[in-house]
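Q: Here's the letter readout for the chains.
2 protein chains.
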Amino acid sequence: MYIPPHFEEVSASSVASVMDEAPLACVVAHTEDGLIANHLPLLKSPKGELIGHVALANDMHRLITPRLEVLAIFRRDDAYVSPNYYPTKAKHHRHVPTWNYEVVHVYGTLIFQHDDHAKRSAVGLLTRTHERRLNGENAWRMADAPTDYMEKMLDGIVAFKMTTTRILAKSKLSQNREELDYIGTVEGLRNAGKAAMAERMTRRISESG
Amino acid sequence: MYIPPHFEEVSASSVASVMDEAPLACVVAHTEDGLIANHLPLLKSPKGELIGHVALANDMHRLITPRLEVLAIFRRDDAYVSPNYYPTKAKHHRHVPTWNYEVVHVYGTLIFQHDDHAKRSAVGLLTRTHERRLNGENAWRMADAPTDYMEKMLDGIVAFKMTTTRILAKSKLSQNREELDYIGTVEGLRNAGKAAMAERMTRRISESG
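So the protein lines, in turn, are chains R and F.
First residue of the first sequence? That's 58 in the numbering used here, and the numbers climb one at a time after it.
First residue of the second sequence? That's 58 in the numbering used here, and the numbers climb one at a time after it.
There's no promise every hint is true.
Across the chosen pairs, the derived CB separations fall in these ranges [stated by the list, open to error]:
1. F:Arg189 - R:Ala114: 41 to 47 Å
2. F:Val67 - R:Ala200: 46 to 52 Å
3. R:His171 - F:Asn195: 55 to 61 Å
4. R:Thr222 - F:Asn195: 20 to 26 Å
5. R:Thr222 - F:Ala73: 36 to 42 Å
6. F:Ala112 - R:His171: 40 to 46 Å
7. F:Glu194 - R:Ser68: 38 to 44 Å
8. F:Gly181 - R:Asp77: 36 to 42 Å
Hints listed in this document are in silico derivations from the structure and should not be mistaken for laboratory results.
Note that the Cβ used here is the ideal one computed from N, Cα and C, for glycine as well.
With these hints in hand, go ahead and build the complete structure from the sequences.
A: Right, here's the structure in full:
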């Protein structure tokens, strides 16, 4: 990924928040079948590995061998940025459109796990995390489902853990703009229905002082 | 990508609308530098090719050779789906969480173009389309910028066109659920702030009768 220095994300907490708030990663690999990509929710385990699972019917776990390079792409919401957002446009018109986005590219390798313990751990981690976020005290729990049903479900999946070799992170959020145009972009994005991105851009500038 | 038959998107208009409404594609290739991925807005030209451009400083146009397989991934918003959304859960509890999303994977090859005509065409197509959508009659136009500035900007980019070899499209929108649970999911997603997806799911069921 091309990352000009001003768009390189150097904040570990920003990287973590993209992965946490946009957990449906696109997992890509180049296999004997060519490029393959699957969209899978991933979460960091307490040991720091990325945890997920796929359907047993998904060829991915047969095509991706233990040492093959895999890329997990996390991306938050994105937005077109119009030159009309920049107040300085009226002065010199030296602006062109662009696109804002935040991405984290995690490179590594995958180990697939067919044992019951690993599968229950992966499903448990994902379920607990996302259920608590959505439903709090009313979170659905694996134990709510009948045992025979859960066993049948677990029979149909393969768990995996991803070991990270390197991370590329890019936050393209108008950091290369002068303050007036940055503020104009926040306002423009908010008016265009991109409130979440506008909010993050506002927080960024207040945190950096 | 693993696509069970009930999640295969067979509607050409649905495929087109994902590419149109989520135009920031993730363009992936396996090069001599390993897997590379760049996030680029793409649009269909009148001839049916996907058109885009990258910074001249982006190694992508040196690493991707004319016959190399490239994958452009388009993805609309996604959402966690809780078993709590399903009214039939109370009856038999035979449900597990899942994730909804809509993706289009376009496979093909890229030709990079360094000539002024191709670059102006690519920038013009992208700018006109996105400015009109956002600003209507107040759309910014390339001609608004000074000539010397636009020339400098064009000097810094490379245009490309992508020829499609195959498309995989998956709409994971609870089509495998019985009607009661489908409607419950629409309601659950709406309450969880996923109004756009809820809206599309409602439209889908009314269109299919």
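Q: Need the list of violated hint numbers for this structure, in ascending order.
A: 2, 4
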